[in-house]
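Work out the full structure, taking the sequences as your base and the hints as a guide.
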Amino acid sequence: MFTLAELAALVQGEVVGNGELPIHGVSEIQHGTAGTITFLANPKYRRFLAQTKASAVIVNRRELLQDRPGIVVENPQLAIAKVLGALQPPRRRPRGIHPTAIVHDEAVLGQDVAVGPYVTIGPGSEIEDGCTLLDHVTIAENCRVGSGSWLHPFVTLYPQTTLGHHCIIHAGTVIGSDGFGYVTDREVHHKIPQNGGVRLGDRVEVGANCTIDRGTIGDTVIGADTKLDNLVHVAHNVTLGRGCLVTAQVAFAGSVRVGDFCIFAGQSGVAPHLKIGERAVIAAKSGVTKSLEGGKTYAGMPAREIREQNRRDALPTQMELFRKRLEAVEAKLSKE
Amino acid sequence: MFTLAELAALVQGEVVGNGELPIHGVSEIQHGTAGTITFLANPKYRRFLAQTKASAVIVNRRELLQDRPGIVVENPQLAIAKVLGALQPPRRRPRGIHPTAIVHDEAVLGQDVAVGPYVTIGPGSEIEDGCTLLDHVTIAENCRVGSGSWLHPFVTLYPQTTLGHHCIIHAGTVIGSDGFGYVTDREVHHKIPQNGGVRLGDRVEVGANCTIDRGTIGDTVIGADTKLDNLVHVAHNVTLGRGCLVTAQVAFAGSVRVGDFCIFAGQSGVAPHLKIGERAVIAAKSGVTKSLEGGKTYAGMPAREIREQNRRDALPTQMELFRKRLEAVEAKLSKE
Amino acid sequence: MFTLAELAALVQGEVVGNGELPIHGVSEIQHGTAGTITFLANPKYRRFLAQTKASAVIVNRRELLQDRPGIVVENPQLAIAKVLGALQPPRRRPRGIHPTAIVHDEAVLGQDVAVGPYVTIGPGSEIEDGCTLLDHVTIAENCRVGSGSWLHPFVTLYPQTTLGHHCIIHAGTVIGSDGFGYVTDREVHHKIPQNGGVRLGDRVEVGANCTIDRGTIGDTVIGADTKLDNLVHVAHNVTLGRGCLVTAQVAFAGSVRVGDFCIFAGQSGVAPHLKIGERAVIAAKSGVTKSLEGGKTYAGMPAREIREQNRRDALPTQMELFRKRLEAVEAKLSKE
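Residue numbers (our numbering), protein chains in the order written: chain S, 980 to 1315; chain C, 980 to 1315; chain X, 980 to 1315.
Read the hints as simulated data drawn from the structure, not as lab findings. Because the structure is a prediction, the values reported are computed rather than measured. Using N, Cα and C, we set each Cβ at its ideal position, and we do this for glycine too. Any given hint might turn out to be false.
[Unchecked claim] EDC-like cross-link-like pairs, simulated, lysine to aspartate or glutamate; straight-line CA separation at most 20 Å:
1) LYS1061(C) x GLU1166(X)
2) LYS1061(C) x GLU985(C)
3) LYS1311(S) x GLU1309(C)
[As the list claims (entries may be wrong)] Here chain C is said to cover these stretches of chain S; the calculated rule only asks that three of the stretch's residues, wherever they fall, bring their Cβ under 8 Å from a Cβ of chain C:
4) 996-1009
5) 1052-1065
6) 1098-1112
7) 1130-1140
8) 1222-1231
Below is the structure:
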């Protein structure tokens, strides 16, 4: 429970109305309830502002509030993220090392490491200060988990996997599995041993049931501050830059190199050995089949610059126009 | 082992031929074997009817049987489902609570709950009567699993996950993981705390290795009788209606609302914040990019009504026709 | 550590330069380091040959080496696979049966079977000689795992799953889950019991977090030497031939039959009940909607022969040409 004034201080915003107003939760603007605070960020939801039953609203312009209590800040979405953090029910953390956890004698655990039931940690692995490993997490040999990281149930780290500081890995994700590499010789697929590792930078978050393969030679690398949604596939020797956002069910084929701050929308994919420049945006379901310059938006299969893709989508309209012109020509000729 | 007459009684159908015929199994019509019963539902398989070696056939019209033994019912596929149920080898259920299961003192278990080895259940969680939790299932705090539900190995329920009665969750599925939500401010992706939960209705079945994220504010909701295939992704704050069928590798982005009885074919996807009306059908690999009316079939990327999509697929044929007309015009003009 | 001559003997190639040269690792040609050997297979990387810092290079033509030390072989990629195998750090194998593993009295384990912590094996299951089951692997009743197979953490085998000899199954993969089968009768989706099993041939490798469903009647079958990448979905009653290569996030719908030596590139999919002939190649993101002859390459949604798909991709260019011709005709007519 906070007062409106306390929340305004938290988000460094300006209180409008009664600062003593008690706020016990956050609600969505279209489902606002008394005693909660909501926010307006997406203009699609502006129509709910007048009738929301929330007791206060976070906005970016004072006049939006009219006579309602609220908070004015530059970035309402960032403010609500902070409020949600303050109101978040604390997630249960195991106390110390659960007696059923199997930690190898040659593993090293830092201060204040929480290890849940049925966790296993192999020799040569190091879990740094303040990490949380929930139930059944399995860490093989020679891994490193940076300080403050949080691994959810059933995460697997294969050998030689390194996570940076403050990483979050969601349940069921597999990091370090063998890359898909075979040499086919006389109809026999010979497995190429996958001897590299995986390195994740600081503050990387990986969703649930993702797969990140180890490198064949050298490592698969995910840059600091990059965030992956669920069911994402990262093949061997991929390099993702810093600060990328990768939505659900995206796939990167082997040896792809992606620059910093790229965005991949859902179900898009990139073919092997390509390079994507920084700040490129790849639309949902696109398939990248050649290297792309940064700073632009691409769509389609094969992925093209968005305006070229839009031109293609307009082909039937253009065709209809041509049909009319052709008919006019035909009519004119038949009269002659 | 059943007699043909017993099976006919089970499916409320009419016996044709010797009711004493012993039936010990079910076979596919194209691979029929003596002593088994098969069925004809898909007309593609009608050509196998004459030569199948199955001892009896379930059909929907008596004349299809000619002089073979069989059963006549309105819906042969429904009948074979019942026969398969009668002949199904019983799945092994743990007896009581396995000694290695870790059930928190503040968790509540109903009557006849079967808990397999290495299961963990957190405080405040309630597992209702007749539930089955197979090996390694992990249920965090404050969850509820409705009576008669069956959770396969390695299912994860994050905190505040609620399942209805008689749900089936297949192995490796993750329910309640954090939604993919960040606010980007000056190139820093701030995580938006995901404080909501997930609610599944009664008789929901979820395939293997699916991911269903918790809501940011408010819950992600899946309606009663909705069925999800494998590797399906449901993002934060999605609402799926009742009785939907969602095939493998489909993805719903955040805050999508889907009406009752919709069908999503394989690898289709829906962009954020869209609304899909009830009884809409989305073809395989389609990408929904705007809200859609119910009761219609859509295909393509972006998804359009199927006849519009078919018209687009026919563009090359239309273009070829134009080429000929244009050539005729050119020929006529060059003669003049 | 090997000498160049020892590695040449291993790969049955010809040494060029000093055979006593010590080699302690493998590097990528563009990131070559002293003391390592690299290789040239993909012509895209030829430009790195002159400046690589690797101490030796495996090539397929002697003149490529100029005055560098190296090895000449017919297939450099196959050779490097062998070298990687020789230099691979040994993966840790559990010694015997870990005391926390729960092996049912009626399960049968062969010689030299390694079983990690928290593994569970049900009654009637047989694990043949030399198998390795890593942490938390869960094998239900009546399964068989062929000799020399290696199962990574959190693999689930449902009842009646059979693996051939020398299979490799990566972490989180689920084999034998229920197929997605319902009969809808008066708006109720009745579950069709899934009574069949799954059979994998010898030397099948399956990536991480894949899902392979059991058959409804009869088995789902994957032929010998077929390799699946990560997050692949194989529905009930699918039959994949021998030696197929299936890249990440591919989906096969129910009852699909695929011939030997087919290749499916990433994110492609096949609709139910179709047949694909042997040695067909399906391009990335394609959607197969009708049965396809073998020996050809297909692309697009719906998948068509590649040259037809390319013709479609060229439509805008063709349209532009028509526009010019139409304008010429119009100009001519307006002058008359």
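Here is what the structure says about each hint:
1. LYS1061(C) x GLU1166(X): holds (17 Å)
2. LYS1061(C) x GLU985(C): Holds - the C-alpha atoms of GLU985(C) and LYS1061(C) are around 12 Å apart, at most 20 Å.
3. LYS1311(S) x GLU1309(C): Given pair LYS1311(S), GLU1309(C) holds - Cα atoms ~13 Å apart, limit 20 Å.
4. 996-1009: As far as the stretch 996-1009 of chain S goes, the hint holds, because 3 residues have Cβ atoms under 8 Å from chain C.
5. 1052-1065: holds (count 7)
6. 1098-1112: violated (count 0)
7. 1130-1140: holds (count 3)
8. 1222-1231: Since 5 is at least three, the answer is holds.
The structure fails hint 6 only (numbered hints given earlier).
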